[in-house]
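Read top to bottom, the protein sequences are chains U and W.
The opening position of the first sequence corresponds to residue 818 in the working numbering, with each subsequent residue numbered one higher.
The opening position of the second sequence corresponds to residue 818 in the working numbering, with each subsequent residue numbered one higher.
FYI, nobody ran anything at the bench for these hints, they're computed from the structure.
Don't take each hint at face value.
Same chains, same label: a pair holds when it works inside one copy or across any pair of copies.
Stated by the list, open to error - No farther apart than 27 Å at their CA atoms in a straight line, the calculated lysine-lysine pairs in the DSS-like style are these:
{"id": "1", "residue 1": "K1120", "residue 2": "K1042"}
{"id": "2", "residue 1": "K957", "residue 2": "K1000"}
{"id": "3", "residue 1": "K990", "residue 2": "K957"}
{"id": "4", "residue 1": "K1042", "residue 2": "K832"}
{"id": "5", "residue 1": "K832", "residue 2": "K957"}
{"id": "6", "residue 1": "K957", "residue 2": "K831"}
{"id": "7", "residue 1": "K1017", "residue 2": "K990"}
{"id": "8", "residue 1": "K831", "residue 2": "K1042"}
{"id": "9", "residue 1": "K1088", "residue 2": "K1042"}
{"id": "10", "residue 1": "K967", "residue 2": "K831"}
{"id": "11", "residue 1": "K1090", "residue 2": "K1120"}
{"id": "12", "residue 1": "K1120", "residue 2": "K831"}
{"id": "13", "residue 1": "K1121", "residue 2": "K832"}
{"id": "14", "residue 1": "K991", "residue 2": "K957"}
{"id": "15", "residue 1": "K832", "residue 2": "K1054"}
{"id": "16", "residue 1": "K1095", "residue 2": "K832"}
{"id": "17", "residue 1": "K1088", "residue 2": "K967"}
{"id": "18", "residue 1": "K1042", "residue 2": "K967"}
{"id": "19", "residue 1": "K1054", "residue 2": "K1000"}
{"id": "20", "residue 1": "K967", "residue 2": "K1095"}
{"id": "21", "residue 1": "K990", "residue 2": "K1095"}
Spelled out from the first residue to the last, the chains are:
There are 2 protein chains.
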Amino acid sequence: MTLGEFDIIEHFFKKQPIMRDDVILGPGDDCALVEIPPNQQLAITMDTLVAGVHFPHTTCAYDIGYKSLAVNLSDLAAMGATPAWVTCALTLPHADETWLTDFSRGFFTLAATHNVQLIGGDLTRGPLSITVTAHGFVSKHHAVKRSGAKPGDLIYVTNTLGDAALGLLILNKKISSSPDNEKNVLTHLNRPEPQIDIGKKLLPLAHAMIDISDGLAADLGHLLKASNVGAIIYVDKIPLSPALQQIPAEQAISLALNGGDDYELCFTLPKEKQNQLKNLSQLTCIGEITAAQTFNLYYQDGKKYYTPTHGYQHFSG
Amino acid sequence: MTLGEFDIIEHFFKKQPIMRDDVILGPGDDCALVEIPPNQQLAITMDTLVAGVHFPHTTCAYDIGYKSLAVNLSDLAAMGATPAWVTCALTLPHADETWLTDFSRGFFTLAATHNVQLIGGDLTRGPLSITVTAHGFVSKHHAVKRSGAKPGDLIYVTNTLGDAALGLLILNKKISSSPDNEKNVLTHLNRPEPQIDIGKKLLPLAHAMIDISDGLAADLGHLLKASNVGAIIYVDKIPLSPALQQIPAEQAISLALNGGDDYELCFTLPKEKQNQLKNLSQLTCIGEITAAQTFNLYYQDGKKYYTPTHGYQHFSG
């Protein structure tokens, strides 16, 4: 049987785990219709994953479905927003039932975790790529922007960094590790966990926040630029997973600073609010915001760290 | 100079003609932040254009920018919605300054016409494709859906149909016409006009509405299915432009019924509201909704019309 466009939408994307009350009209009309609660602003983000650029061609459909949603929810997390609805534009070279079943399972598994409903999208033929637009709520005037960092703020990151980058090296047979470590870092690479809960808890606390998608150095750089401040980071304070701790320290730091695809949060916090983080686990202070608009990387013993690269940019020379 | 991802966003997409008061935070953070007026629902739609599938590889960048926005605004028009904000995910094989200048000019020219602000998006490397998500407002409980058609309703379309399909035939040297006609149908193909104003005026009048993107036969078919009704259409009532009137009648009707890319509106109207269309030009009644769930095509002299195809579906066999 050859599946048509409308069969695919009907079969794989209309039945879904989450049906929200604020969705007045879901997929199947010219537009979806939704309602926003009073006193809330809408946070909107859009990210594309292209096969061979953002994930290897060998990535399984479940992981592609999962990750295409995860990277967008991660942007909502970085504003402190609560996810609500998404649209998904799926471009496929051909209609493959098994692939579509697995893709939609990955997508909807993560959607269910965060109470997110798919409200529309598009299905087209072409080279494999997925674009998701995600919508979330945030109380008026409370979103955590990139631009709010103040001199003296402490700089924190969530969980550990560099795992996805190590996963990619392992996938490309550039390095090897124990089976357990390999499994963990590949999970980081293929099924990143958007830090929605911690993002919401940081809403009343953080001065500025960003999600780390292009590498800590690059993304913290954006935050500093938006805030017109600088920073001192102690590279040997950056939290590393057991897998990262087992490779040479210089390489581990480089992956944690410059590797992409972490989808952890980096945020700044006024010192007096530090004790309010007590009940939040998996946070590590790695440095401090400075008035001088320079970005300085040191070891804790005072030695300067020289970074060779500055994160991933599409089209950079 | 090699342009980086952030240079491109800064240079081509941050300066734009429309800056709306309801955009609290535009491009450049993890999310955009927007506010919805009270008592309005949000209409959301998303469409992708892939090079070589939705437009020929030879299409100029200005037209690609224009059309990628137009097809999405057309979906808002079909709900009777007022456009507000869009996000744009642009996937490009390489960064070309001239191409980007022209693309953004086409995009922003149409955006300015409809008071639309670009609030975010993504820029990635890969085979050329553009996905736009468009957001508009519609008063609570007033959106015109596909599912509201009632037996006895009159069926109308806006302007003329089949021009874009004829334009594609001309582009592919399958047919030729006068220079004026060729210019007009190519404009229809490359710069379709989203019928926003007429869509808003039909909001209190129409029972059901859809935009014609895959051909009248296919899209009216969706409307009939969603409404659980049938229709009689008189194929020689379908409005044709001078260019279509100059090709054989059978071919003209076939293009008007089955050709894609019209981006006109098809709507149904209770007979008693017919006189309220008086001040609206460019509307043509082409048939009537029936209780019997069949889709019948006739000539006005009573002869049956047999349609060979049923509009464009991606992945159809």
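How the hints compare with the structure:
no.: 1; hint: K1120 x K1042; verdict: within (25 Å within a copy, 71 Å between copies)
no.: 2; hint: K957 x K1000; verdict: neither (41 Å within a copy, 49 Å between copies)
no.: 3; hint: K990 x K957; verdict: neither (48 Å within a copy, 56 Å between copies)
no.: 4; hint: K1042 x K832; verdict: between (44 Å within a copy, 19 Å between copies)
no.: 5; hint: K832 x K957; verdict: between (33 Å within a copy, 26 Å between copies)
no.: 6; hint: K957 x K831; verdict: between (32 Å within a copy, 24 Å between copies)
no.: 7; hint: K1017 x K990; verdict: neither (38 Å within a copy, 58 Å between copies)
no.: 8; hint: K831 x K1042; verdict: between (43 Å within a copy, 16 Å between copies)
no.: 9; hint: K1088 x K1042; verdict: within (21 Å within a copy, 61 Å between copies)
no.: 10; hint: K967 x K831; verdict: between (46 Å within a copy, 25 Å between copies)
no.: 11; hint: K1090 x K1120; verdict: neither (29 Å within a copy, 80 Å between copies)
no.: 12; hint: K1120 x K831; verdict: neither (57 Å within a copy, 39 Å between copies)
no.: 13; hint: K1121 x K832; verdict: neither (55 Å within a copy, 39 Å between copies)
no.: 14; hint: K991 x K957; verdict: neither (47 Å within a copy, 57 Å between copies)
no.: 15; hint: K832 x K1054; verdict: neither (46 Å within a copy, 39 Å between copies)
no.: 16; hint: K1095 x K832; verdict: neither (41 Å within a copy, 43 Å between copies)
no.: 17; hint: K1088 x K967; verdict: within (11 Å within a copy, 65 Å between copies)
no.: 18; hint: K1042 x K967; verdict: within (12 Å within a copy, 58 Å between copies)
no.: 19; hint: K1054 x K1000; verdict: within (24 Å within a copy, 65 Å between copies)
no.: 20; hint: K967 x K1095; verdict: within (22 Å within a copy, 62 Å between copies)
no.: 21; hint: K990 x K1095; verdict: neither (40 Å within a copy, 71 Å between copies)
Of the numbered hints stated above, those contradicted by the structure are hints 2, 3, 7, 11, 12, 13, 14, 15, 16, 21, listed in ascending order.
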